[in-house]
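There are 2 protein chains.
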Amino acid sequence: MRPWHDGVNALAAAIPLSAPVYLLMDLVGNPIPFVLGWFGGGSVRFTKGVPPPVESQLLAYVLVAMLGYVGTRKLVPKIKVYTLRRGISGKDLGKRGTSLADKDVPEALGIVPGAVFLICLTFCLVGYATTNPSKLLDCNSALLSICFMLFLGFSDDVLEWPWRYKLLLPTVASLPLLCCYDGSTSIVVPIPMRSWLMNEGSLTTFGWLLGHIVTVDQNANGAILNLGMLYLVYMGMLAVFCTNAINIYAGINGLEAGQSFIIGCAVLLHNLIEIRDNEAYRENHLFSIMIMLSFVGVTLGLLGHNWYPASVFVGDTYCYFAGMTFAVVGILGHFSKTLLLFFIPQVLNFLW
Amino acid sequence: MRPWHDGVNALAAAIPLSAPVYLLMDLVGNPIPFVLGWFGGGSVRFTKGVPPPVESQLLAYVLVAMLGYVGTRKLVPKIKVYTLRRGISGKDLGKRGTSLADKDVPEALGIVPGAVFLICLTFCLVGYATTNPSKLLDCNSALLSICFMLFLGFSDDVLEWPWRYKLLLPTVASLPLLCCYDGSTSIVVPIPMRSWLMNEGSLTTFGWLLGHIVTVDQNANGAILNLGMLYLVYMGMLAVFCTNAINIYAGINGLEAGQSFIIGCAVLLHNLIEIRDNEAYRENHLFSIMIMLSFVGVTLGLLGHNWYPASVFVGDTYCYFAGMTFAVVGILGHFSKTLLLFFIPQVLNFLW
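Chain order of the listed sequences is F and Z. Under our numbering, the residue at position 207 of the first sequence is numbered 1403, and the numbers go up by one with no gaps. Under our numbering, the residue at position 20 of the second sequence is numbered 1216, and the numbers go up by one with no gaps.
This is chain F alone, in the form it adopts within the complex (with noise of 0.2 Å):
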């Protein structure tokens, strides 16, 4: 290992951060005014019930993220002795040759970022019961499904569970999130497909048949199918699918944390973006980055350790983590199609 790849790695790990980062000073412009208004100086003001400003916002969350990152970063060598020590530990294949190939390398440390990710959205947690209760339920149902599957993640990694368990669980651990969902359960339908369901203003008897499962809305001439129900059994199986999606390109050296962090940055850039452009569902998008942001710092932390030649293992219980997390801001942040696209090689990959 030389000095320079330090260097290198960090300007590696800076091009999927560049666009976020720069929307994002976009975004908030000056920072100066809103830094002053939380300890209660300077133009920017709170009131009481009414959410503080979007930059106000971006900027505490950048915050946390950032001593999300400096404590992941911290805690892992500390940690990672206690893992050894128990001998949760695993042997690099991708070493073999080296002088390193021996050497036990400890595992399951996604506790750490784990952790910390959870300590860092506690602290939004407040923040958000303080100035913006509305939220306050979608914030309590994120964090306890990525605590559940943090939880069944590192069991994982000490006891192994068979796979009946690893797929049930996903699915109980997605049940707080789908029982706090209040958004649209409606899905607009391609234009090509549209007259497979209404004709001249009448149901196709494909349609009339759909009608059973579904409603297809008859006043938007077959362009909207509210699916209900269904929706919420698709939202499980994203969570579920998600939970596994990470796991399934692992083995190598900072290969979790790394894809990871790239659809972490690639979530926030698709945020910066709706934030900026569009005004409806700037809370949902907002929402989202608070968990993305806090989600990238401590992936980030992580992946300095986790990257060729790896210290640590980040185990199954990042890969869980980091699926769940996502399946978190894409259901909570209503973009739940969107965020598949993200997902395109782990979806070929489970196709296959």
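No lab work stands behind these hints: they were computed from the structure. Glycine included, every Cβ here is placed at the ideal spot set by N, Cα and C. A hint or two may mislead.
Claimed, not checked - Here are the simulated DMTMM-like pairs of lysine to aspartate or glutamate, each with C-alpha atoms no more than 25 Å apart in a straight line:
| hint | chain 1 | residue 1 | chain 2 | residue 2 |
| --- | --- | --- | --- | --- |
| 1 | Z | K1274 | F | D1352 |
| 2 | F | K1287 | Z | E1356 |
| 3 | Z | K1533 | Z | E1356 |
| 4 | Z | K1270 | F | D1222 |
As the list claims (entries may be wrong) - Facing chain Z, according to a computed beta carbon distance under 10 Å, are these residues of chain F, among others:
| hint | residue |
| --- | --- |
| 5 | I1275 |
| 6 | P1329 |
| 7 | L1333 |
| 8 | F1350 |
| 9 | V1354 |
| 10 | K1362 |
For chain F, the structure is supplied; the task is to place chain Z on it using the hints.
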């Protein structure tokens, strides 16, 4: 071990449970119309937005608790194979001199009642979401705090954290609870101490000094102190105390689970009496009953395996999980001061 031991143990377990069960049967009366009501029949009808009748809720919680009991009872022998394989086990010092002394006893089996409990409550949460959304936030934050403690407890059993983490993390885990607390932050001042605060309708010097930290209600003539933020701090400390309180008396077969079982039954009895006699805070006590019934169910399932001669140890996992559960019902059920009465042996040991 003789076969009549099982019978004696079952009888011993039935004693603390008898009073709550009697009160439950008294409250519910004839269950048939309510059970029929769940399936859309019978004379009991549900209206959307209106909470279902108390009897119907109680019956549903009893059913969930029974499933929790059966699930824990069946799963513990299966899961103990996994923890034993990983070497998470200990020697039982209470069996020295017997033929069982050298046998490894699997540790950290509190993970089973914990996970079953979370699943039970998730289903209760789904029930809440569909019938009584006003308590959804409470239920989510309760589950979040308990899940966080379960995760912390299990990772402590596996990795053996130093003390500083064990004090810091329960504090963070209790934050979501405090954020969602919307009850009173006032306390009633005992009669002999009221004259210290107010004298002939005006504040005394002591009362005036105290008024800088808390709010003295001058209309109530010193009878009521509004502690505000201090009350939240007290509740946060209660959570930390409870999580460690069960651990104070630990180390003898069945002691952790046994004391939790008895405290659980006592809390249940308190709630049931309040529901019978007092209309005002019925919803909070029902919420507490929901949590406590599932908790008593899974604890009883565990106790069967943990009673002398124990075939499993419960570990810190169970102690933390049980303690946080009590803190949660105390805080969200708004009887945090009464709760401490049930913890008198632990408080004495703590102060000693």
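Structure-based check of each hint:
no.: 1; hint: Z:K1274 <-> F:D1352; in the structure: holds, 15 Å
no.: 2; hint: F:K1287 <-> Z:E1356; in the structure: holds, 23 Å
no.: 3; hint: Z:K1533 <-> Z:E1356; in the structure: violated, 32 Å
no.: 4; hint: Z:K1270 <-> F:D1222; in the structure: violated, 58 Å
no.: 5; hint: I1275; in the structure: holds, 8 Å
no.: 6; hint: P1329; in the structure: holds, 9 Å
no.: 7; hint: L1333; in the structure: holds, 5 Å
no.: 8; hint: F1350; in the structure: holds, 6 Å
no.: 9; hint: V1354; in the structure: holds, 5 Å
no.: 10; hint: K1362; in the structure: violated, 13 Å
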